[in-house]
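Peer 1: The chain contents come next:
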Amino acid sequence: MEFAALLERKKEAVVNAWFEQVMQTYAPDTAVFYQNQKDAFANPVGSTTKQALVKLFNALLDPQDNESLADLIDPLIRIRAVQNFTSSQAVGFVFLLKSIVRNLFQKNRKKLKVDELLEMESRIDGLALIGFDVFMACREKIYSLKTNTERDKIYKAFARAGLIKEVPADEPDPKFI
Amino acid sequence: MSDLLKPEELYKTDNRPPRTDWMDTPTEIRKGIACYAGNPKSLEYVGFPNARQWSCFDEDWQLPENWQEIIHEGFKERLEKFRSFKVFMDICVRCGACADKCHFFIGTGDPKNMPVLRAELLRSIYRNDFTKAGKILGRLGGARPMTLDVLREWWYYMFQCSECRRCSVFCPYGIDTAEITMMGRELLNLLGLNIDWVATPVANCYRTGNHLGIQPHAFKDMLEFFQEDIEEITGVLVEPQYNKVGADILFITPSGDVFADPGTYTCMGYMMLFHYLKEKYGFDVTWSTYASEGGNFGFFTSHEMMKRLNAKMYAEAKRLKVKWILGGECGHMWRVINQYMDTMNGPADFLEEPVSPITGTKFENAKSTKMVHIAEFTADLIKHGKLELDKSRNANLNVTFHDSCNPARGMGLLDEPRYVIQNVVDKFYEMPANTIREQTFCCGSGSGLNAGEDMELRMAGGLPRANAVKAVHESKGVNTLATICAIDRAALPDLMSYWVPEVEVYGVHEMVANALIMPGEKERDTDLRGEPLAGMEDADE
Numbered sequence: 001m002e003f004a005a006l007l008e009r010k011k012e013a014v015v016n017a018w019f020e021q022v023m024q025t026y027a028p029d030t031a032v033f034y035q036n037q038k039d040a041f042a043n044p045v046g047s048t049t050k051q052a053l054v055k056l057f058n059a060l061l062d063p064q065d066n067e068s069l070a071d072l073i074d075p076l077i078r079i080r081a082v083q084n085f086t087s088s089q090a091v092g093f094v095f096l097l098k099s100i101v102r103n104l105f106q107k108n109r110k111k112l113k114v115d116e117l118l119e120m121e122s123r124i125d126g127l128a129l130i131g132f133d134v135f136m137a138c139r140e141k142i143y144s145l146k147t148n149t150e151r152d153k154i155y156k157a158f159a160r161a162g163l164i165k166e167v168p169a170d171e172p173d174p175k176f177i
Numbered sequence: 001m002s003d004l005l006k007p008e009e010l011y012k013t014d015n016r017p018p019r020t021d022w023m024d025t026p027t028e029i030r031k032g033i034a035c036y037a038g039n040p041k042s043l044e045y046v047g048f049p050n051a052r053q054w055s056c057f058d059e060d061w062q063l064p065e066n067w068q069e070i071i072h073e074g075f076k077e078r079l080e081k082f083r084s085f086k087v088f089m090d091i092c093v094r095c096g097a098c099a100d101k102c103h104f105f106i107g108t109g110d111p112k113n114m115p116v117l118r119a120e121l122l123r124s125i126y127r128n129d130f131t132k133a134g135k136i137l138g139r140l141g142g143a144r145p146m147t148l149d150v151l152r153e154w155w156y157y158m159f160q161c162s163e164c165r166r167c168s169v170f171c172p173y174g175i176d177t178a179e180i181t182m183m184g185r186e187l188l189n190l191l192g193l194n195i196d197w198v199a200t201p202v203a204n205c206y207r208t209g210n211h212l213g214i215q216p217h218a219f220k221d222m223l224e225f226f227q228e229d230i231e232e233i234t235g236v237l238v239e240p241q242y243n244k245v246g247a248d249i250l251f252i253t254p255s256g257d258v259f260a261d262p263g264t265y266t267c268m269g270y271m272m273l274f275h276y277l278k279e280k281y282g283f284d285v286t287w288s289t290y291a292s293e294g295g296n297f298g299f300f301t302s303h304e305m306m307k308r309l310n311a312k313m314y315a316e317a318k319r320l321k322v323k324w325i326l327g328g329e330c331g332h333m334w335r336v337i338n339q340y341m342d343t344m345n346g347p348a349d350f351l352e353e354p355v356s357p358i359t360g361t362k363f364e365n366a367k368s369t370k371m372v373h374i375a376e377f378t379a380d381l382i383k384h385g386k387l388e389l390d391k392s393r394n395a396n397l398n399v400t401f402h403d404s405c406n407p408a409r410g411m412g413l414l415d416e417p418r419y420v421i422q423n424v425v426d427k428f429y430e431m432p433a434n435t436i437r438e439q440t441f442c443c444g445s446g447s448g449l450n451a452g453e454d455m456e457l458r459m460a461g462g463l464p465r466a467n468a469v470k471a472v473h474e475s476k477g478v479n480t481l482a483t484i485c486a487i488d489r490a491a492l493p494d495l496m497s498y499w500v501p502e503v504e505v506y507g508v509h510e511m512v513a514n515a516l517i518m519p520g521e522k523e524r525d526t527d528l529r530g531e532p533l534a535g536m537e538d539a540d541e
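For the record, the sequence lines run as chains A and B. The numbering of the first sequence is our numbering, which starts it at 1 and goes up by one. The numbering of the second sequence is our numbering, which starts it at 1 and goes up by one.
There are no misleading hints in this set.
Derived coverage of chain A by chain B (criterion: at least 3 residues anywhere in the stretch with Cβ under 8 Å from a Cβ of chain B; other residues may be distant): (1) 30-38; (2) 144-154.
In silico DSBU-like links for lysine-lysine, alpha-carbon gap of 35 Å or less: (3) A:K146 - B:K427; (4) B:K476 - A:K11; (5) B:K220 - A:K156; (6) A:K165 - B:K522.
From the derived model, a few chain A residues whose C-beta atoms are all more than 12 Å from chain B: (7) A5; (8) L6; (9) R9; (10) K10; (11) E12; (12) K55; (13) L61; (14) Q64; (15) D65; (16) S68; (17) D133; (18) M136; (19) K165.
Just so you know, these hints were derived from the structure itself, not from any lab. These numbers come from a predicted model, not from an experiment. Glycine residues also receive a C-beta, built at the ideal position from the N, C-alpha and C atoms.
Whole structure, please, built from the sequences with the hints as guidance.
Peer 2: Structure below.
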């Protein structure tokens, strides 16, 4: 028996267990809401998380290029990057899948080759690194929004104080005539 | 295999938050969520007590020695003065209907952002200090004494509420949680605890007339820039009137429309509309360089401050001897006008009941406040066929409409902006029903939270709104988010940039002006932003 085939068969249970564990990274009352409210517009965090985990697990079973994996993990990391998490907590949910996969392997270990488990775990490690890239991109975006806000404020204050003389768009600089 | 370490043992990070009761979970004030403290000079300027340089990230907040007594007395005074506050403290049965309706709770996942729990922060002290049951039962009865930790918690969470009142829509008792936040902020202000994004605009507004402290000549300069831009785009020179005594109507809009993109394009829209109406129908409207702010950050500070800032609009209307006031696209200004103005500074009986001089329509809803929302005014003009419009100039815009919290929930202005939009653009799609109209989700930056340092809070709080925009962007190709609030126009571009970067933010009157066929105009090849109109992409070449 192949481990990949087993994971494919148990896909729903594995993703549900993963989702459950990711939800435990939130406060208990919050987790209840994120798990139970099924309306995607009343509960964007729960629904986005669930959808992303389903897609990510499919992608781990059927390996894809890094760019596609980044696109799949982006919506979830984008949320966790602005929530009350440290960097490791924001990205670390990827590793929660490892113990789920490993437990499944343990239960069926006589029929399986350990190489297959190791390969799956390597893919999970790779996904975590891609998650880290996406997390950094999100944080950089936040910082650029903050920087732009401050830059704008200073520019406008200078402009109002009459300290800015811009080069007119339609006239050449006299120095260069 | 069995001797291998488990992955969670390998990376040894516990992802789980504390499982303690909320009263035992200490508040950690985080950067990215909290705003900077108010500048002491701004607090002093409006006569607020205990002004000092401090930071919420410091251990020592330099509180006055008797701070607990100040809070107790302040609480008592407000319970006696405001029946609604007393009722809201008593009647909540903690049914939880509001709990999952707050955009800050939905986005941040922080349970203390559930409206019921945010209110409990105050109620627990109320029970302890003012109820027999609380005094006898103590913690069993949900009471706790006021401590430094509680004060820090108040500060942190009273400034994670945008007073949008979505939770109130779902409360079976009609508890207005925004008013609880307002009371919480009032009490904090007694100790000099305010944020700078509220305190400094308030001081500027009180002194100079608008949030940025723009003086009258600079205000006029800005409108002159817009005159030049409008002339370049349309070939028509519009000439606004300033401080004209005896004009029919006084126009007041948030200063954000005059000084911050993309609100500036909306401001150009007002100027073009007024010019059109003047040419066609002799419309007589004046701008004021003194009442140059529609927004009222006093609303986010205290009821007295709200009253003081609101009064200047009416003082200016009296001075200029106008008949009534026309208000621009603003959010909370309309809640102040519609729900508080009459009892604070009204009745404005020196003004006339507003009647459109062009259509003769009586604005019955503004009978007492004498102030009409421009979306309603323009919708009425369109309904009577008074505007010549060319929708094709907005052909590049695929629009959805974000109901701003206060016009929607604070005055029921739901259909007028939609009617205007649908008359100036062809492609209009609604977001899902539970994210619009009375149930609209806040931009996440209202009530003075539109600062830079709390960007994580703003992005998390704006997630439910952005998520709905993303849905119509993906399913309908929406590229334009229209709105009638200046804070929205300032805050939503950042929100879109993070969550749905393909969507731009527009004011409704910017789209009106794009479509408006001005008398004597040249053939336009760009919109107000200088972007080529549909079919004019090659006009430059």
